[in-house]
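Those protein sequences? They're chains A and B, same order as listed. Residues 1 to 113 in the numbering used here are what the first sequence spells out, letter by letter. Residues 1001 to 1113 in the numbering used here are what the second sequence spells out, letter by letter.
In short, the hints are calculated from the structure, not lab data. Given the structure is predicted, the values throughout are model-derived calculations rather than measurements. Fair warning: there could be bad hints in the mix.
[To be verified] Listed next, the in silico BS3-like pairs over lysine-lysine satisfying Cα-Cα at most 25 Å (straight line): (1) Lys1071(B) with Lys1056(B); (2) Lys13(A) with Lys1042(B); (3) Lys1(A) with Lys1071(B).
[As the list claims (entries may be wrong)] Computed list of chain A residues with no C-beta within reach of chain B, every gap over 10 Å: (4) Lys13; (5) Thr14; (6) Gln18; (7) Ser33; (8) Arg55; (9) Ser65; (10) Ser79; (11) Gly84; (12) Arg97; (13) His103.
Backbone N, C-alpha and C define an ideal beta-carbon position, used for all residues, glycine too.
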Amino acid sequence: KAGVTQTPRYLIKTRGQQVTLSCSPISGHRSVSWYQQTPGQGLQFLFEYFSETQRNKGNFPGRFSGRQFSNSRSEMNVSTLELGDSALYLCASSLARGGSPLHFGNGTRLTVT
Amino acid sequence: GESVGLHLPTLSVQEGDNSIINCAYSNSASDYFIWYKQESGKGPQFIIDIRSNMDKRQGQRVTVLLNKTVKHLSLQIAATQPGDSAVYFCAETPSGGYNKLIFGAGTRLAVHP
């Protein structure tokens, strides 16, 4: 079974631009979560989607948004990029909402200059 | 490669020894815990999980121990191999938190031949 696939692998953007990241979950997984990883803050939860609805949201500004499609694939969008948004963005999928492990993709490395 | 964390605590062990990685979790209401392994340039890889109604769970070469009294989690790796070298994260899910994982800061495991 294929794992979680994230595209693109690397992105370089300039301040003020916006970016869209894509995630394809493991087949059959309906929950998709997004996390931001930085050396300073570690791994932080952004949001979770299940059945095309955002179910949970972390403590990030409204510039961070996402959506989930009927095939469970998900995208996240960051508008008006700031230098501090440079990070590894990780997508994880899970069979259920809670009590089952999240399986992560290899992430999208976003660099904002 | 991409750095996961620049100033993580490091556990150095000899190949063939047993390793014990410790984690203090934050929320006494957390009811599900996961250990992840992250290698350079990759996303976190699921190792083993445990629910709060258990105090021990074993996998292949790994054992997780949960002490709810002191909010402590540990991961034991038997016969550590060079391929075990990575950063290890514990994660907790507060009750009702579904797939909103709260990650620890991580521990770097360095295995020396």
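**Asked** Since Thr14(A) was said not to touch the interface, does its Cβ keep a gap of more than 10 Å from each Cβ of chain B?
**Response** Holds: least Cβ distance 21 Å, greater than 10 Å.
**Request:** Could you grab the alpha-carbon distance between Lys1(A) and Lys1071(B) and see if it respects the 25 Å cut-off?
**Result:** Between Lys1(A) and Lys1071(B) the Cα gap is close to 35 Å, so the pair fails against 25 Å, i.e. violated.
**Request:** Given the hint that Lys1071(B) pairs with Lys1056(B), test it: the Cα-Cα distance must not exceed 25 Å.
**Result:** 14 Å, holds
**Request:** Check the non-interface label on Gln18(A): least C-beta distance to chain B beyond 10 Å or not.
**Result:** It holds; Gln18(A) is separated from chain B by about 23 Å at its closest Cβ, greater than 10 Å.
**Message:** Please verify that the nearest CB of chain B lies beyond 10 Å from Ser79(A)'s CB.
**Reply:** At roughly 23 Å from the nearest Cβ of chain B, Ser79(A) sits farther out than 10 Å, so the non-interface label holds.
**Request:** Say whether it holds or is violated: Lys13(A) keeps its Cβ farther than 10 Å from all Cβ of chain B.
**Result:** Holds: least Cβ distance 17 Å, greater than 10 Å.
**Request:** Could you grab the alpha-carbon distance between Lys13(A) and Lys1042(B) and see if it respects the 25 Å cut-off?
**Result:** 21 Å, holds
**Status of the stated non-contact between Ser65(A) and chain B (beta carbon gap over 10 Å)** = 17 Å, holds
**Message:** A cut-off of 10 Å on Cβ-Cβ distance, and His103(A) was said to be off the interface with chain B. Does that hold?
**Reply:** Violated: least Cβ distance 6 Å, not greater than 10 Å.
**Prompt:** In terms of Cβ atoms, is chain B entirely out of 10 Å range of Arg55(A)?
**Reply:** 6 Å, violated
**Message:** Does Ser33(A) clear chain B by more than 10 Å, comparing its Cβ with all Cβ atoms of that chain?
**Reply:** Since the minimum Cβ distance to chain B is about 5 Å, Ser33(A) lies within 10 Å and the statement is violated.
**Asked** Gly84(A): least C-beta distance to chain B exceeds 10 Å?
**Response** Correct as stated: the minimum Cβ-Cβ distance to chain B is 16 Å, above 10 Å.
Hint compliance for this structure: hints 3, 7, 8, 12 and 13 are broken, all remaining hints hold.
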